[in-house]
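All residue numbers for the first sequence refer to this note's numbering, where the first residue is 1 and numbers rise by one.
Be aware that one or more of the hints could be misleading.
Said to hold, decoys possible - Straight-line distance between alpha carbons at most 30 angstroms, and here's what the computed DSS-like set of lysine-lysine pairs gives:
(1) Lys22 / Lys340
(2) Lys47 / Lys367
(3) Lys338 / Lys328
(4) Lys367 / Lys339
(5) Lys338 / Lys326
(6) Lys180 / Lys262
(7) Lys38 / Lys339
(8) Lys262 / Lys87
(9) Lys309 / Lys378
(10) Lys431 / Lys333
(11) Lys57 / Lys38
(12) Lys22 / Lys339
(13) Lys367 / Lys417
(14) Lys250 / Lys47
(15) Lys47 / Lys417
(16) Lys54 / Lys262
(17) Lys57 / Lys345
Hints in this document: simulated from the structure, not taken from any laboratory.
Predicted, not measured: the structure shown is a model, and the values here were computed from it.
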Amino acid sequence: MAKEITSRSEDYSQWYNDIVKKAGMADHSAVRGCMVIKPNGFAIWEKMKAQLDKMFKDTGHVNAYFPLFIPKSFLSKEAQHVEGFAKECAVVTHHRLMNDPNGNGVIVDPTAKLEEELIVRPTSETIIWNTYKDWIQSYRDLPLLINQWANVVRWELRTRPFIRTAEFLWQEGHTAHATKEEAVKETLLILDLYAKFAEEYMAMPVIKGVKTENERFAGAEDTYTIEALMQDGKALQAGTSHFLGQNFAKAFDVTFLNEHQKEELVWATSWGVSTRLIGGLIMTHSDDDGLIIPPRLATTPVVIVPIPKPTDAITEVADQIIAALKAKGINAKYDQDKKKRPGFKFAEYEMRGVPVRLGIGQRDLDKGVVEVARRDTKEKTSQPLEGIADYIENLLEEIQTNLFNRALKFRDDRITKADNMDEFKEIINTKGGFVSAHWDGTTETEVKIKELTKATIRCIPIDAEAEEGTCILTGKPSGKRVLFAKAY
RNA sequence: CGGGAUGUAGCUCAGUCCGGUAGAGUACUCGUCUGGGGGGCGAGUGGUCGCAGGUUCAAAUCCUGUCAUCCCGACCA
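Based on the provided sequences and hints, a complete structural model is requested.
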């Protein structure tokens, strides 16, 4: 069998790039750091988007759309915020092109300089809060629960498909509340929603936690995160939900009259997940044979391959199976391509991550069975044609569960306690994964540990148990363990 | 943004040192024999050698610049 994908043990980075390419997820584009998301990759995003959108709406949020361009002056209104993004912004300075008088194509028309430069949004807090100022007058206008699906640009110097690209797609929720309690509650509601989505739909186990001051979003009071663990032992920040306090309300002067006719600043949250999740999906489940898509995110979770090629008898059975699956809301495809051989198709669908493959040949028909191959374990069995749709429906659920449990075991096996720096370094440098250790709570110590080990504090887990201990670096007292890891 | 490497057919790459008609495998197209895990045989299509300058009678090859990609580092979601 011709290997098209580099094995993980040989070169993990190359393996990831091979999957992205060979599974038809994305291509590089002519623009540095930007990728073309191809139909196979975009289909997964569409599935994610549909589910998340439903979850947002079920919790009372509505969608809107704000401009791509942000006046430069907006960005400087919140000091912490601008500091966090200033280094990676694309700036629009002109609005017109002209023919080069020297005949070398087009040039920027120097007379068309913008009076105020525009920033291509790296995130939309500023333009949204500038708008909310006009929308919010009274406590009756609150809460304001708005989400937008959009693209954003962060001028990254080192990019990887899906994991970190200069332009990416995401959703960003921006909510305004009358009280701190309500805003905190919203932040945690979304954190739970993200975790539920990651675990139940992506089959990607995550740890919910709070970011340290050093790692938190620029302009936030608290940043909550879901952290996932990739197969190479590195952590991936998969989604964040921020409690913004009154920082943006102050910066944009967003106030309301409360029930007692007293003016107050509003309380804010923002939260987002991006196409980065697709990278997480790949690195959570896929193997050396290619992509593995959890059934709930597969546009076409079942494919039927005629062996060796379509005949009337095979086609009739395939059509019956497709109809029976469709009645259950399961989308299936029958591959009638006569030019490609079955073996080729098997390899191709495995590479593309299709969860279940059915093989039907005359021998199967004679016995009243079909061959069922599951992508997660690569196990093949013969199943009676009778009741096959029920069997597949259950199998898809089983695959979904198995993928999650497999990833969960992998993750849990890689949460290791360390009680001193020697242990810590040993774990980070060999086993990888999360290291659970005591920390004195200072940024100084966190930065020092990063310098020594390249590991950062991924989060302070929400369910961290109180435990008296001493900081692994400074020996100062600590009340609970935090999770360290090397991260993407 | 620093260090290293690479850009030649859709893909993987040879040719570059030492300038002289653009190559192979694979893919694709057609035909044919096949047919339960990436088929065999035969014939064919396909490239301004990343882009822009320069040196030269002559540039994929030498020089300069530039763009992009990969790996490592710093930075960051």
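Going down the list of hints, with the structure as the test:
1. Lys22 / Lys340: holds, 17 angstroms
2. Lys47 / Lys367: Outside the cut-off at roughly 37 angstroms; violated.
3. Lys338 / Lys328: Holds - the C-alpha atoms of Lys328 and Lys338 are around 29 angstroms apart, at most 30 angstroms.
4. Lys367 / Lys339: Distance of about 27 angstroms is within 30 angstroms: holds.
5. Lys338 / Lys326: Holds, because 24 angstroms separates the two Cα atoms, which is no more than 30 angstroms.
6. Lys180 / Lys262: holds, 16 angstroms
7. Lys38 / Lys339: Status holds; Cα separation ~24 angstroms.
8. Lys262 / Lys87: With Cα atoms ~40 angstroms apart, Lys262 and Lys87 exceed 30 angstroms; violated.
9. Lys309 / Lys378: holds, 22 angstroms
10. Lys431 / Lys333: Status violated; Cα separation ~41 angstroms.
11. Lys57 / Lys38: holds, 28 angstroms
12. Lys22 / Lys339: holds, 20 angstroms
13. Lys367 / Lys417: With a Cα-Cα distance of about 55 angstroms, the restraint between Lys367 and Lys417 is violated, given a limit of 30 angstroms.
14. Lys250 / Lys47: Not satisfied, since the Cα-Cα distance of roughly 38 angstroms exceeds 30 angstroms.
15. Lys47 / Lys417: Roughly 37 angstroms separates the two Cα atoms, so the pair is violated.
16. Lys54 / Lys262: violated, 36 angstroms
17. Lys57 / Lys345: violated, 40 angstroms
Of the numbered hints stated above, those contradicted by the structure are hints 2, 8, 10, 13, 14, 15, 16, 17, listed in ascending order.
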